[in-house]
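In the order they appear, the protein sequences are chains S and X.
Under the numbering used here, residues 1 to 249 are what the first sequence spells out, in order.
Under the numbering used here, residues 1 to 249 are what the second sequence spells out, in order.
In case anyone wonders, no lab produced these hints; they're calculated from the structure.
Here the structure is a predicted model, which means the values were calculated and not measured.
Do not rely on the hints blindly, as some may be mistaken.
Identical copies look the same in the list; a pair holds intra-copy or inter-copy alike.
[What the hints assert, rightly or not] Mimicking BS3-like on lysine-lysine, the simulated pairs with C-alpha atoms at most 30 Å apart in a straight line are:
1) Lys138 / Lys186
2) Lys16 / Lys186
3) Lys186 / Lys77
4) Lys193 / Lys149
5) Lys186 / Lys165
6) Lys165 / Lys182
7) Lys77 / Lys138
8) Lys77 / Lys182
9) Lys138 / Lys17
10) Lys193 / Lys138
11) Lys17 / Lys165
12) Lys193 / Lys182
13) Lys16 / Lys165
14) Lys149 / Lys77
15) Lys77 / Lys23
16) Lys165 / Lys138
17) Lys149 / Lys182
Protein chains: 2
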Amino acid sequence: MSRVEVIPLPGVPEVKKGDDLGKLVLEAAERNHVTLLDGDVVVVKHKIVSKSEGRVIELSGVAPSPEAIRLADREGKDPRLVELILREAVRVVREGHGVIITQTRHGFVCANSGIDQSNVGMGFAALLPLDPDDSARKLRATLESATGKALAVVVSDTFGRPWRKGQTDVAIGCSGIAPLVKYAGKTDSYGYKLRVTEPAVIDEIAGAAELAIGKLNGIPCAIVRGVEYTRGEGGIGELIMPSDRDLFR
Amino acid sequence: MSRVEVIPLPGVPEVKKGDDLGKLVLEAAERNHVTLLDGDVVVVKHKIVSKSEGRVIELSGVAPSPEAIRLADREGKDPRLVELILREAVRVVREGHGVIITQTRHGFVCANSGIDQSNVGMGFAALLPLDPDDSARKLRATLESATGKALAVVVSDTFGRPWRKGQTDVAIGCSGIAPLVKYAGKTDSYGYKLRVTEPAVIDEIAGAAELAIGKLNGIPCAIVRGVEYTRGEGGIGELIMPSDRDLFR
Chain S
1 MSRVEVIPLP
11 GVPEVKKGDD
21 LGKLVLEAAE
31 RNHVTLLDGD
41 VVVVKHKIVS
51 KSEGRVIELS
61 GVAPSPEAIR
71 LADREGKDPR
81 LVELILREAV
91 RVVREGHGVI
101 ITQTRHGFVC
111 ANSGIDQSNV
121 GMGFAALLPL
131 DPDDSARKLR
141 ATLESATGKA
151 LAVVVSDTFG
161 RPWRKGQTDV
171 AIGCSGIAPL
181 VKYAGKTDSY
191 GYKLRVTEPA
201 VIDEIAGAAE
211 LAIGKLNGIP
221 CAIVRGVEYT
231 RGEGGIGELI
241 MPSDRDLFR
Chain X
1 MSRVEVIPLP
11 GVPEVKKGDD
21 LGKLVLEAAE
31 RNHVTLLDGD
41 VVVVKHKIVS
51 KSEGRVIELS
61 GVAPSPEAIR
71 LADREGKDPR
81 LVELILREAV
91 RVVREGHGVI
101 ITQTRHGFVC
111 ANSGIDQSNV
121 GMGFAALLPL
131 DPDDSARKLR
141 ATLESATGKA
151 LAVVVSDTFG
161 RPWRKGQTDV
171 AIGCSGIAPL
181 VKYAGKTDSY
191 GYKLRVTEPA
201 VIDEIAGAAE
211 LAIGKLNGIP
221 CAIVRGVEYT
231 RGEGGIGELI
241 MPSDRDLFR
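Next up, chain S with everything else stripped away, as it sits in the complex (with noise of 0.2 Å):
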């Protein structure tokens, strides 16, 4: 096996409705003195893709019904934010100790619907982008017609987990690459047929990248280099667990 690197992307600007991420994204590299190789994973926080998307609310424009002014007293938050929690929500999974936790309409169980207020400025708040898939397609498209290389993008978030302290970055989009290494029916060393193995690798990715990109400085792109993947175009739907399966619903 090769090294992984993580490069970090620092001086992106701030990105607003429409700007095109993909020659954001560019200029970073080159201004760091960057070249994109073939398979290098482009790894995008969620908060610019929104941004760019125009997936970002003012709350004073934000009426709250009666049930979000009831659940944000029960669990003491802002009424507009949790009206919104809920329009991004197609159910309530688990409210408690201040916490809402909530499934989206892409089938993510997180905090809050994935709708966050960091790093948006004060009064906003940004909600998930609507088909993150999409939004990695489209950025992997135009990075890989600018450098002709073949390219993988994954949009990442910061999801909190059951019974762990803490958060992790995790994949909610991606284009490029299969979401899962698929080891099952293959044998270990020892002649062991491995039945249930597939790591996530977009998930070890997108957390990988977080190590080097951090929370303050701002910095919301960075490149994993030397890991290897499975070329794929499905998407993160191929991660979501199918609710008959569940067992924690």
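Please arrange chain X on chain S, whose structure you already have, making use of the hints.
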């Protein structure tokens, strides 16, 4: 922020009970012409830790209880394996679809109490180390004493997760590194105060190591270099969600 690099260390020989892991890691580093640097995080898969600590069990010597036999029958598993799963567990969290999810004595919630039959030989099963933080501490002491460098150690395992298919490598023990990066109370570039942001950096490091290690090539160790982490003497307990805050019991 600087680049992060994941350097796999192939060539660690088959580990046996009583082996000095530190010596094996140092020899592998030398063979791969890798010099440990201040701040390097050495990630070892728990399997070699378990092997060196004699936590590998021959299934033919395990007598399953009636409870294990019933559970094994319901979920289509080897009753001797289920007996071990129950012995290592403080409770069964969920069962269904051929999956047994337990909470281990360490506090981890994972499939099969973390017991795994891959890469240990036919008819054998590897249990988790009894005290993975202690395992990490001892390995770190050996490595630091031999190199004179300030190092961290993460012991990793492969866990599934609810709602998302596939698995990621996460930390089950650590030494020399604070498990969580505490951003709470800090402000982003807009002045917005982060409230709950605590990246579980040791989990992201474990996942990044897996990207360079894979599952089939018998590489049980990698160095993760360039992560800006906080040194700390805390352990994996800092990452376990207390039961009174657990929304998914």
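These are the hints, each one checked on the structure:
In this homomeric assembly, lysine 138 and lysine 186 never come within 30 Å of each other (Cα to Cα): the closest approach is 34 Å inside a single copy and 34 Å across copies. When the C-alpha separation of lysine 16 and lysine 186 is checked against a cutoff of 30 Å, the pair qualifies only between copies, where the shortest distance is 24 Å, while the shortest distance within a copy is 47 Å. Proximity of lysine 186 to lysine 77 under the C-alpha cut-off of 30 Å is restricted to the inter-copy arrangement: shortest distance 19 Å between copies versus 49 Å within a copy. In this assembly of identical chains, the alpha carbons of lysine 193 and lysine 149 never lie at most 30 Å apart, being 36 Å within a copy and 40 Å across copies at closest.
For the homomeric pair lysine 186 and lysine 165, the shortest alpha-carbon distance between copies (18 Å) is at most 30 Å, but the shortest distance inside one copy (34 Å) is not. For the identical chains of this complex, lysine 165 and lysine 182 are neighbours both inside a copy (29 Å) and across copies (11 Å), given an alpha-carbon limit of 30 Å. When the C-alpha separation of lysine 77 and lysine 138 is checked against a cutoff of 30 Å, the pair qualifies neither within a copy, at 35 Å, nor between copies, at 45 Å. Proximity of lysine 77 and lysine 182 under a CA criterion of 30 Å is satisfied inter-copy only: 22 Å between copies versus 41 Å inside one chain copy.
Taking the closest pair of Cα atoms, lysine 138 and lysine 17 come within 30 Å of each other only inside a single copy of the chain (15 Å); across copies the shortest separation is 52 Å, beyond that limit. Taking the shortest alpha-carbon separations for lysine 193 and lysine 138, neither the intra-copy value of 39 Å nor the inter-copy value of 33 Å comes in at or below 30 Å. Taking the shortest Cα distances, lysine 17 and lysine 165 never come within 30 Å of each other, neither inside one copy (34 Å) nor across copies (33 Å). Taking the closest pair of Cα atoms, lysine 193 and lysine 182 come within 30 Å of each other only inside a single copy of the chain (13 Å); across copies the shortest separation is 41 Å, beyond that limit.
Taking identical chains as interchangeable, the C-alpha atoms of lysine 16 and lysine 165 are never at most 30 Å apart, the minima being 33 Å within one chain and 34 Å between chains. Taking identical chains as interchangeable, the C-alpha atoms of lysine 149 and lysine 77 are never at most 30 Å apart, the minima being 46 Å within one chain and 46 Å between chains. In this assembly of identical chains, lysine 77 and lysine 23 lie within 30 Å of each other by CA distance neither inside one copy nor across copies; the values are 37 Å within and 53 Å between. Taking identical chains as interchangeable, the C-alpha atoms of lysine 165 and lysine 138 lie at most 30 Å apart only when they sit on different chains, with a minimum of 25 Å there against 34 Å within one chain.
Taking the shortest alpha-carbon separations for lysine 149 and lysine 182, only the intra-copy value of 25 Å comes in at or below 30 Å, while the best inter-copy value is 38 Å.
Checked against the numbered hints above, the structure violates hints 1, 4, 7, 10, 11, 13, 14 and 15; every other hint is satisfied.
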